[in-house]
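> Each chain is listed here by its residues.
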Amino acid sequence: MSIDKKPVTFMLLAVLAIMVGTLLTTFIPLFVGTVVPDTDKVIPYKPLEVEGRDIYIREGCNNCHSQIVRPLPFETARYGPPSTLAESAIDRPHLWGSKRTGPDLARVGRKYPAAWHYQHMKNPQSIYPQSNMPAYAWLADAKLDRRYAEKKMKVLGYPYTTDDIKVLEGKTEMDALVAYLMRLGRELKP
Amino acid sequence: MANEIGYEYDAVKGFALSSLFWAIVGLLVGILISIQLVYPQFNLTSWLTYGRLRPIHTNALIYGFTVPAAFSLFFYLVQRLGRVPLAYPGLARFTLYIFNIAIVLAALSLFAGMSQSKEYSELEWPLDIGVVILWVLFSINIIATIMKRKEEQMYVSLWYILATVVGVAIVYIGNNIAVPVSLFKSYSAYAGANDANVQWWFGHNAVAFVFTTIPLAVFYYILPKSSGAPLYSHRLSIVGFWSLVFAYLWTGAHHLVYTPLPDWIQTVAIAFSIFLIAPSWASVINGYGTLNGQWEQMRSNYLVKFIVLGITFYGLQTIQGPSQAIRAFSALIHYTDWVPGHVHMGTMGWVTMTVSAGFYYMLPRIYNTEIYSIKLANLHFWLVLVGQLIYSVTMWITGIRQGAMWQAVDTDGGLVYANFIQTLTPNYPFWNMRTLGGVIFFAGFLVFVYNILQTIRNAPAAQRA
Ligand code: HEM
Ligand code: HEM
Numbered sequence: 001m002s003i004d005k006k007p008v009t010f011m012l013l014a015v016l017a018i019m020v021g022t023l024l025t026t027f028i029p030l031f032v033g034t035v036v037p038d039t040d041k042v043i044p045y046k047p048l049e050v051e052g053r054d055i056y057i058r059e060g061c062n063n064c065h066s067q068i069v070r071p072l073p074f075e076t077a078r079y080g081p082p083s084t085l086a087e088s089a090i091d092r093p094h095l096w097g098s099k100r101t102g103p104d105l106a107r108v109g110r111k112y113p114a115a116w117h118y119q120h121m122k123n124p125q126s127i128y129p130q131s132n133m134p135a136y137a138w139l140a141d142a143k144l145d146r147r148y149a150e151k152k153m154k155v156l157g158y159p160y161t162t163d164d165i166k167v168l169e170g171k172t173e174m175d176a177l178v179a180y181l182m183r184l185g186r187e188l189k190p
Numbered sequence: 001m002a003n004e005i006g007y008e009y010d011a012v013k014g015f016a017l018s019s020l021f022w023a024i025v026g027l028l029v030g031i032l033i034s035i036q037l038v039y040p041q042f043n044l045t046s047w048l049t050y051g052r053l054r055p056i057h058t059n060a061l062i063y064g065f066t067v068p069a070a071f072s073l074f075f076y077l078v079q080r081l082g083r084v085p086l087a088y089p090g091l092a093r094f095t096l097y098i099f100n101i102a103i104v105l106a107a108l109s110l111f112a113g114m115s116q117s118k119e120y121s122e123l124e125w126p127l128d129i130g131v132v133i134l135w136v137l138f139s140i141n142i143i144a145t146i147m148k149r150k151e152e153q154m155y156v157s158l159w160y161i162l163a164t165v166v167g168v169a170i171v172y173i174g175n176n177i178a179v180p181v182s183l184f185k186s187y188s189a190y191a192g193a194n195d196a197n198v199q200w201w202f203g204h205n206a207v208a209f210v211f212t213t214i215p216l217a218v219f220y221y222i223l224p225k226s227s228g229a230p231l232y233s234h235r236l237s238i239v240g241f242w243s244l245v246f247a248y249l250w251t252g253a254h255h256l257v258y259t260p261l262p263d264w265i266q267t268v269a270i271a272f273s274i275f276l277i278a279p280s281w282a283s284v285i286n287g288y289g290t291l292n293g294q295w296e297q298m299r300s301n302y303l304v305k306f307i308v309l310g311i312t313f314y315g316l317q318t319i320q321g322p323s324q325a326i327r328a329f330s331a332l333i334h335y336t337d338w339v340p341g342h343v344h345m346g347t348m349g350w351v352t353m354t355v356s357a358g359f360y361y362m363l364p365r366i367y368n369t370e371i372y373s374i375k376l377a378n379l380h381f382w383l384v385l386v387g388q389l390i391y392s393v394t395m396w397i398t399g400i401r402q403g404a405m406w407q408a409v410d411t412d413g414g415l416v417y418a419n420f421i422q423t424l425t426p427n428y429p430f431w432n433m434r435t436l437g438g439v440i441f442f443a444g445f446l447v448f449v450y451n452i453l454q455t456i457r458n459a460p461a462a463q464r465a
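Protein chains in written order, with the working numbering: chain A, 1 to 190; chain B, 1 to 465.
No more than 25 Å apart at the CA atoms, straight line, and that leaves these computed lysine to any residue pairs for SDA-like:
#, chain 1, residue 1, chain 2, residue 2
1, A, Lys-99, B, Phe-329
2, B, Lys-150, B, Ile-238
3, A, Lys-99, B, Ile-333
4, A, Lys-143, A, Lys-171
5, A, Lys-99, B, Ala-107
6, A, Lys-154, B, Trp-125
7, A, Lys-171, B, Ala-112
8, A, Lys-5, B, Leu-137
9, A, Lys-5, B, Trp-242
10, A, Lys-154, A, Gly-170
11, B, Lys-185, A, Met-153
12, B, Lys-185, B, Ile-173
13, A, Lys-99, B, Ile-31
14, B, Lys-185, B, Gly-203
15, B, Lys-225, B, Ile-5
16, A, Lys-171, A, Pro-113
17, A, Lys-6, B, Ser-139
18, A, Lys-143, A, Tyr-158
19, A, Lys-99, B, Phe-111
20, A, Lys-154, A, Arg-58
21, B, Lys-185, A, Thr-162
22, B, Lys-185, B, Ile-62
23, A, Lys-99, A, Leu-72
24, A, Lys-122, B, Gly-113
25, A, Lys-99, A, Ala-135
26, A, Lys-151, A, Val-42
27, A, Lys-99, B, Val-393
28, A, Lys-171, B, Leu-183
29, B, Lys-375, B, Leu-389
30, A, Lys-189, A, Pro-44
31, B, Lys-225, B, Tyr-288
32, B, Lys-148, A, Pro-7
33, A, Lys-166, A, Arg-186
34, A, Lys-171, A, Arg-183
35, A, Lys-5, B, Pro-85
36, A, Lys-122, B, Tyr-39
37, A, Lys-99, B, Asp-263
38, A, Lys-99, B, Met-405
39, B, Lys-375, B, Leu-291
40, B, Lys-185, A, Glu-150
Simulated from the structure, these hints should not be mistaken for laboratory data.
Okay, chain B solo, but in the shape it has when bound:
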């Protein structure tokens, strides 16, 4: 595998390893907060209380795991798909250092309780500025490399990369406009219902441009590459892309169903949420179509297994999500544990599976070696699959149960479970199961990291640097 073109892989490697490191941190915190929900005595000190740790879990896995995984994979994809080296390798390495410093500061600030309180926008304003600078540095490299590509036509993955570049910038800046009081404290520029509306426009599009377009860019590249089959339909991917990028931005208010936010905004959001099934399934159908007649690869090719299960959970996720937007269903499951069940099918099933497939495909290639162990990759696959299923299924069950108990009224219209505690304690066995699922998932992730590290260790010395 000669590298005549002069591909630059330092930052690709660095971001991949950073991503794995911060994932381990984020997952450990996930297990801890899951335990705390049943055993409050595990809230050991102020900075280890659930309320401070939950944002550390979400931020570590969004900004510490998924985003650097994207930096790594995107720096690889723009080079391979354009058949040119990275435009500014030095800048990419610099971005890597700044990134890791920023994540450490982010974690410390959240431990200290410095928070804007808006979900996934918790980081205070100086760190927001840092995030924006990082994003600009990353985008410059991506755009400049695409501009000087040798391959005239941009493949689907590059579209999703460009959408990620602009999408994240718009929603992140839009939601973080705030007025500082001190270096560590600011107040949102928006108030009340407006603030909520902006927040969930951001929240849902963090899902769109971090948990959807990032894995989709990887999916569209890895599936044909690993299976050797050409993409099923180019036209379907065009229609799917543009309708997805157009429709996602209308749907944020499905998080605000039955709030005082004006009804028309809620209704528009619900309608567009249902419409989103179409562009989402365009990718699912493209995936299944590509493998048409090749399904035996599900047994023989571990990469195909990861990618197909990933896109399958994406398919389930994008039917479940729109259903949750519907008023009658929202009334039952909103505020319950059903929602973390939804979230983790997407993050543990779709995002992590797809990123894993990307790393398994890419890292042996750039280290000029073979994967250390396919057996371990299969073990990784089964552990994360089982862990995720235990997590999601238990949360769906207990979510519906709790929603139903909140709703239960007797014949005089009085609440059957008037004391909230009566509806809380039945969660405990399910939350314990969730912890078990999380531990199994985490074990699978450690197998993954071990497999990757061994692969790197076996690489020819010249590649290891």
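Isolated chain A (complex conformation):
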């Protein structure tokens, strides 16, 4: 009777124990649609924004910045209305984050003009002398790698036109990143 004499049975039971919570709280909600937001409300990403988002991921901005506003009064006073499921509905991967070494960025696209971001990304200390954010001046000199732009749109399933792809010509990585930042807070159709 004693299962600690039967390693295979033991392992199968362990898998079973592991799968109960796994399925009920994580994988069944995926498929039965408990967590399905209304994607029709979302404005799809443009190729330039996708490239910018990939640079955000490459540089690991999410290690210091969250993108999610909690429904708490002090938080909405600082960052705006609580985040909804729809706002991140088409985001693969999500970029909600878990640490705020810097402020939340969920709505930063509505807070500053693009020019502010160009300056801030180049030299954060020129705006906030006490900031600890790294300077990303080199992004302005790096030409955007366009090789996968179309493939990315296809994999992500966002609609695009050849003109959208043409926009990338001559753009720098900084242009793409700022385009992405300017989108934050403007995900939903009016």
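Starting from the known structure of chain A, arrange chain B with the ligands on it as the hints suggest.
Below, chain B with the ligands without anything else, positioned relative to chain A:
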């Protein structure tokens, strides 16, 4: 200490040394990123910026230090507890080479910014496949050795080893399903809130199956062995094991409190988080019970000291963690430095202490010698203890401070510290203290590595290979 059974220790030794090497790399990066948080001019080039280095720190210490430490200790434990040699020693050596190649590639890819961005799942898809292959190679050896064991009953440590084998496989694969765009880039198969939910199901169970079941397997073996006292309660360890393995998987959404993820998933996660105190403390009580009447060993036996402090930090960690899951407390400390304080009490206090005890016990035995210096082991103990306490305590203080400043509103409901920078700069003195704590911890770790290397050097020549 004759080896009539023909125990195979090559891979045990190799993984132990790899683990120490990658720990040094990971700790140095930890110190660097801690400095960068106060002195941004230390972000020297693109591949040395904080955003790229932080994942290198976490991956180096999870996959470069803790995982190979487990490979080493588990390859030892399955042989000793089954009283049989390792099933496939050649395969184990092969696993060792592949492992070190994979870690080098992993580090290079993270320096280059190739990242899936999900915490502890940053490695891109070709490396994920490598990790899975490595895990399968490791598991084959573990399972096959257990299958042909001579000792019919599997001791508690073997249960935790088997749980680690299946647990890591399930959560790692589950979270890394992605669609490739190129060799170096992929997009998660999940979107938005679903992706977040899968990620933190993984994230918390990386804690479960790397930072919990691995040290627990070592703890249950080393404590009775080093103290000479029998395990306090077998029944308690059975109940503790099964409830832990069952409950951990429900709790991931405690990382997503107050997000738009449906409330019921959050609430279930919070409830199970609180329940987790019980199985966690089953091990703590088993540890203290085992030493009942033998507490003078805390003074006379350095191994007992490491193990007892380790399980004590585990006990504190598993009360602090569930408290963090509660909505009101999460509202205050989530996103602040309180959380790295929590993380490092667990990793520097519980995981590193326990792995150190495991190596101090195991390595002299397989090299057929004595530990080089107990004095140095004691010095190691005090340095890592003090370093960790400085780290955790300073982060708890500044975390609460920053959380409170974010929350502060005046009588009209306006923010008192409307500019984020006002809440950031008071972190600086605490982050400097953290760097100091990290340097002290690192010094302790170097003493440990030196002590181990000297032990190996003093071993009879035949054992050193
Ligand atoms: C009963 C057991 C535990 C529970 C319920 C628990 C709970 C939690 C919670 C709620 C958080 C999220 C805090 C936040 O972001 O607001 C957290 C973070 C974390 N905990 Fe624990 N904890 C437990 C034990 C442990 C142990 C033993 C370790 C070992 C090192 C550990 C390591 C971590 C890590 C690495 C994180 C950081 C995750 C991240 O944000 O990247 N925890 N824990
Ligand atoms: C010299 C000692 C160490 C130093 C100075 C150090 C420093 C740091 C720093 C600065 C961070 C980033 C905190 C933030 O996001 O604000 C971090 C995160 C982390 N470290 Fe360490 N660390 C050390 C040791 C360790 C060890 C021994 C381990 C594991 C065995 C570890 C595992 C982690 C993990 C899992 C995180 C992510 C925490 C989270 O997501 O909240 N660290 N560390």
